[in-house]
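Peer 1: Sequence:
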Amino acid sequence: MSSFGREKGPQSRAPENKTRVNFSLSALAMLVLVNPALVQAADSNSAAPAANAAATPAKTSSAPSSTQQDMVVGATVDDSAEEQQDYSVKTTTAGTKMLLTPRDVPQSLSVVTKQRMQDQNLQSVGDVLNNTTGISTEVIDSERASYFSRGFMISSYTYDDIPSSVSDTWNFGDAAEDTAIYDRIEVVRGATGLMTGAGNPAASVNMVRKQADSREFTGNVSASYGSWNKQRYVADVSGPLNEAGTVRGRVVAGYQDQDGQLDRYHKTKKFLYGVVDADLTENTTLSLGYDYQQTNTSDPTWGGLPTWYSNGVKTHYTRNTSTSTDWTHYDINSRKVFANIRHDFDNGWSFRVNGTHAEETFNDALLYIEGFPDATTGEGTTGFGSKDRGTRKLESVDAYASGPFDLFGRQHELITGVSYSRQRNTTYSADGPIDSEQMGSFGSNWDGNVAEPEWGDWYQNLDDTVRQKAGYIAARFSLADPLSLILGSRYTQWSTIGSSGDVHKNNLTPYAGLVYDINDSLSAYASYTSIFQPQTYRDRNGTYLSPVTGKNYETGLKSDWMNGRLTATFAIFRIEQENVGQADGSNFVNDSSEQAYYAAQGTVSRGAEFEINGAVTDNLQLTFGATRYVARDDTGARLNSNMPQTQLKLFSRYQLPMLPDLTIGGGVNWQNKTFQDATGPDGETTRVYQSSYPLVDLFARYQLTKQLAVQANVNNVFDRTYYSWLSDYAVYGDERNYSVNLSYAF
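Numbering (mature numbering (1 follows the signal peptide of the UniProt record, and there is no 0)), first residue to last: -41 to -1, 1 to 705.
By construction, these hints were calculated from the structure, which means they are not laboratory data.
In this text, all values refer to a predicted model and were calculated from it rather than measured experimentally.
Hints may contain errors.
Stated by the list, open to error - EDC-like cross-link-like pairs, simulated, lysine to aspartate or glutamate; straight-line CA separation at most 20 angstroms:
no., residue 1, residue 2
1, Lys428, Glu338
2, Lys352, Asp406
3, Lys352, Asp238
4, Lys189, Asp656
5, Lys229, Asp290
6, Lys229, Asp218
7, Lys189, Glu694
8, Lys229, Glu241
9, Lys169, Asp86
10, Lys169, Glu97
11, Lys169, Asp142
12, Lys169, Asp218
13, Lys273, Asp620
14, Lys632, Glu97
15, Lys510, Asp543
16, Lys273, Asp218
17, Lys189, Asp290
18, Lys428, Asp119
19, Lys510, Asp592
20, Lys352, Asp461
21, Lys189, Asp693
22, Lys464, Asp406
23, Lys189, Glu241
24, Lys510, Glu537
25, Lys352, Asp119
26, Lys56, Asp142
27, Lys352, Glu318
28, Lys510, Asp593
29, Lys632, Glu535
30, Lys665, Asp238
31, Lys352, Asp423
32, Lys189, Asp678
33, Lys632, Asp678
34, Lys229, Asp86
35, Lys189, Glu354
36, Lys273, Asp333
37, Lys665, Glu694
38, Lys428, Asp461
39, Lys464, Asp416
40, Lys273, Glu318
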């Protein structure tokens, strides 16, 4: 449960708790990383391979050898995780666009495969991030969420390595995108400026789309039903489009209809994804694709429930209490067209061009409840209505070449490329104030019976065009059999023109990473990168904040076992930042509805992360992540204090050897106490707390026949009450909920 009030009592024991968490995290990480015998012993005692385990190409050991150096530099291993049953991948292009094993990437990396999405029932990008190591979530109403890593908001989202900027003010449905169209989602924590350009040193999230890679007709259809009358239907079909199989197609389509935890809430989602892959020659492949997603929400919320009554006593609303009315809605449409062509040369080099055009729109009518109601009558609140509409258009092209080269008798790898992106964001609003008499009595039984206000004229509040032109180069040098060095740099010309002002910024972003193979299963690494982020946040006077600048340092250990099926990482990091935009309490820009920010100076985030992920045995898949960091500005104030600084995330699945058709599993996410300073009804600043809490999930799947399976998931098994946002208003997290899914593969 959550607690309210100023710091006292148990707070004096915080240092003791912190020490215990840090010791446990470090001890666990070192025990797993340097003692592979634990995992190898478990593997030797495992049952025979599961019947449904897919055959995957074995990863060559990273033990020092010239053969290993040639394999990694000239890697052509298919990095698709879709057909395998593991939670890990053997190769990835995350972070550098070089095809490397996760152990060879000198940064913290998490990969959520399609199999894990299926087991854990992760149906949206937001669901994936909620369950990814080191990522914390800020859900400020029914439709908007932001994601943080290492104390900073994640602003870098890429689709097949094509960057797209995400706003924390306007919701274009990024977090709600359906995972049915993705093969996997990769998260690289820390600064990723080498491949994304401008951004925060939080993390980059790369969505890897499914490809039409099957030369046989195959597919899967599923139907599910769950809490809040949630119905979901998905079909995924692929196969050859000509007799030779050189042209292949794939279609993923889905429909979802549901109510919600909140009274009167209802949402529908439709999505359609299609891709055609054509082998133009033996060495040249062209891919063309289209992605459409539509979400329509009736009775959404804007903001949440008042935290206090007018007398200063905390409120106690039921979790289904909603601030919406019958005239509120939130509608989102997203269309993406993409193409890429790849040519592989006989000398090991390849050339690739990726292009995308995306257009997202939203249209809403919302009600924000302001003030503090009387504890007895419920009267005293006012409302603020807002109608908004917006468009985000993105055109982006990225071209690069990569391949091996020889120098001083050793083989190395080089990648060089150029990219261009143009993103235009436009939004309009119309206001409609609602007085306290119209609002009436607000309480848990409030039915939202408020007349639609008289709307004012439409006005434009955003019209910006952001351009990035960049060139980048990176090389992976084999200095010795056990030692590799990645050096790279990106030169970016960044500009924004429009209502946020005319800002132009050129920046050179260096990248350096060193990896040393200690033995066959253990490597040590260190990396450094700088980052810049021109920002359009404004202070309470309407002045734009200066660009964020910073440095990112990271060092750690990485291990893999069982030919890369099980991976582990322990990382220590330090991030130094200047001019970080911080929400300025409850203040707004020039008395508008735009949140005001201030620039935090001398911000430092430092901490440690540990993750183990993959196949512990042939029957047991596991992912466990632990994060501890401290982020403060130059005054010692905690950065983004509403984000947990300690997190544990565990999920596993086990296929019973004596009953191989039955798979069971579950997990727990735990976070420590958070707080926020908010202005109470007396005008004084009061610190409100969300106490630490765990959330426990369970799942089971039974293979009825070779093709037909049924799966059940239960989230928040113990029905824990918690807040996903807590300041002068509060937003409850999801109560216990379930879903049952029936799927048929062919």
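Peer 1: For each hint, tell me whether it holds in the structure or not.
Peer 2: These are the hints, each one checked on the structure:
1. At most 20 angstroms may separate the alpha-carbon atoms for a hinted pair to count; lysine 428 and glutamate 338 exceed this at roughly 55 angstroms.
2. As the CA atoms of lysine 352 and aspartate 406 are separated by approximately 38 angstroms, the hinted pair breaks the 20 angstroms bound.
3. Between lysine 352 and aspartate 238 the CA atoms are separated by roughly 30 angstroms; this puts the pair beyond 20 angstroms, and the hint is violated.
4. At roughly 18 angstroms between alpha-carbon atoms, lysine 189 and aspartate 656 fall within 20 angstroms of each other, so this suggested pair holds.
5. Of the pairs offered as hints, the one joining lysine 229 and aspartate 290 holds, with about 12 angstroms between alpha carbons and a cut-off of 20 angstroms not exceeded.
6. With a C-alpha separation of about 15 angstroms, the suggested pairing of lysine 229 with aspartate 218 holds against the 20 angstroms cut-off.
7. Simply put, lysine 189 and glutamate 694 have alpha-carbon atoms about 14 angstroms apart, close enough for the 20 angstroms limit, and the pair holds.
8. Annotation: proposed proximity of lysine 229 to glutamate 241 is violated, straight-line Cα distance about 37 angstroms (limit 20 angstroms).
9. With a CA separation close to 18 angstroms, the supplied pair lysine 169 and aspartate 86 stays within the 20 angstroms bound.
10. Only pairs whose Cα atoms come within 20 angstroms are accepted, and lysine 169 paired with glutamate 97 is rejected, the gap being roughly 29 angstroms.
11. Proposed proximity of lysine 169 and aspartate 142 is supported: the alpha carbons are some 5 angstroms apart, at most 20 angstroms.
12. Distance check on the hinted pair: lysine 169 and aspartate 218 sit about 29 angstroms apart at the alpha-carbon level, beyond 20 angstroms; violated.
13. The straight-line distance between the Cα atoms of lysine 273 and aspartate 620 is roughly 50 angstroms, outside the 20 angstroms bound, and the hint therefore fails.
14. With a C-alpha separation of about 14 angstroms, the suggested pairing of lysine 632 with glutamate 97 holds against the 20 angstroms cut-off.
15. Pair hint lysine 510 plus aspartate 543 does not hold up; C-alpha atoms about 24 angstroms apart against a cutoff of 20 angstroms.
16. Our distance criterion of 20 angstroms between C-alpha atoms is broken by lysine 273 and aspartate 218, whose separation comes to about 28 angstroms.
17. Proposed proximity of lysine 189 and aspartate 290 is supported: the alpha carbons are some 18 angstroms apart, at most 20 angstroms.
18. Our distance criterion of 20 angstroms between C-alpha atoms is met by lysine 428 and aspartate 119, whose separation comes to about 18 angstroms.
19. For the hint pairing lysine 510 with aspartate 592, the CA-to-CA distance comes to about 15 angstroms; that is within 20 angstroms, so the pair holds.
20. Simply put, lysine 352 and aspartate 461 have alpha-carbon atoms about 19 angstroms apart, close enough for the 20 angstroms limit, and the pair holds.
21. Taking the CA atoms of lysine 189 and aspartate 693, the gap is near 14 angstroms; set against the 20 angstroms cutoff, the hint holds.
22. This hinted pair does not check out: lysine 464 and aspartate 406 have alpha carbons roughly 50 angstroms apart, beyond 20 angstroms.
23. The suggested pairing of lysine 189 with glutamate 241 is violated, with an alpha-carbon distance near 46 angstroms, which exceeds 20 angstroms.
24. In summary, the hint linking lysine 510 to glutamate 537 is supported, as the alpha carbons are separated by about 9 angstroms, within the 20 angstroms threshold.
25. Restraint check for lysine 352 and aspartate 119: satisfied, since their Cα atoms lie roughly 18 angstroms apart, inside the 20 angstroms limit.
26. Taking the CA atoms of lysine 56 and aspartate 142, the gap is near 17 angstroms; set against the 20 angstroms cutoff, the hint holds.
27. Using a Cα cut-off of 20 angstroms, the hinted pair lysine 352 and glutamate 318 holds, with the two alpha carbons roughly 4 angstroms apart.
28. A threshold of 20 angstroms between alpha carbons decides the hint, and for lysine 510 with aspartate 593 the separation of about 16 angstroms falls inside it, so the pair holds.
29. At most 20 angstroms may separate the alpha-carbon atoms for a hinted pair to count; lysine 632 and glutamate 535 exceed this at roughly 24 angstroms.
30. About 32 angstroms separates the Cα atoms of lysine 665 and aspartate 238, which puts this hinted pair outside 20 angstroms; it is violated.
31. Between the alpha carbons of lysine 352 and aspartate 423 the distance comes to roughly 11 angstroms, so the proposed pair stays at or under 20 angstroms and holds.
32. For a cut-off of 20 angstroms, the pair hint linking lysine 189 to aspartate 678 stands: about 18 angstroms separates their Cα positions.
33. The suggested pairing of lysine 632 with aspartate 678 holds, with an alpha-carbon distance near 19 angstroms, which does not exceed 20 angstroms.
34. The hinted pair formed by lysine 229 and aspartate 86 meets the criterion: a straight-line CA distance of about 18 angstroms does not exceed 20 angstroms.
35. Distance hint between lysine 189 and glutamate 354 is unfulfilled; the C-alpha atoms sit about 35 angstroms from each other, more than 20 angstroms.
36. As the CA atoms of lysine 273 and aspartate 333 are separated by approximately 11 angstroms, the hinted pair is consistent with the 20 angstroms bound.
37. Distance check on the hinted pair: lysine 665 and glutamate 694 sit about 35 angstroms apart at the alpha-carbon level, beyond 20 angstroms; violated.
38. With a CA separation close to 16 angstroms, the supplied pair lysine 428 and aspartate 461 stays within the 20 angstroms bound.
39. Proximity of lysine 464 to aspartate 416 is assessed by CA-CA distance (about 35 angstroms); at most 20 angstroms being required, the pair is judged violated.
40. Of the pairs offered as hints, the one joining lysine 273 and glutamate 318 is violated, with about 43 angstroms between alpha carbons and a cut-off of 20 angstroms exceeded.
Violated hints, in rising order: 1, 2, 3, 8, 10, 12, 13, 15, 16, 22, 23, 29, 30, 35, 37, 39, 40; the structure is consistent with all others.
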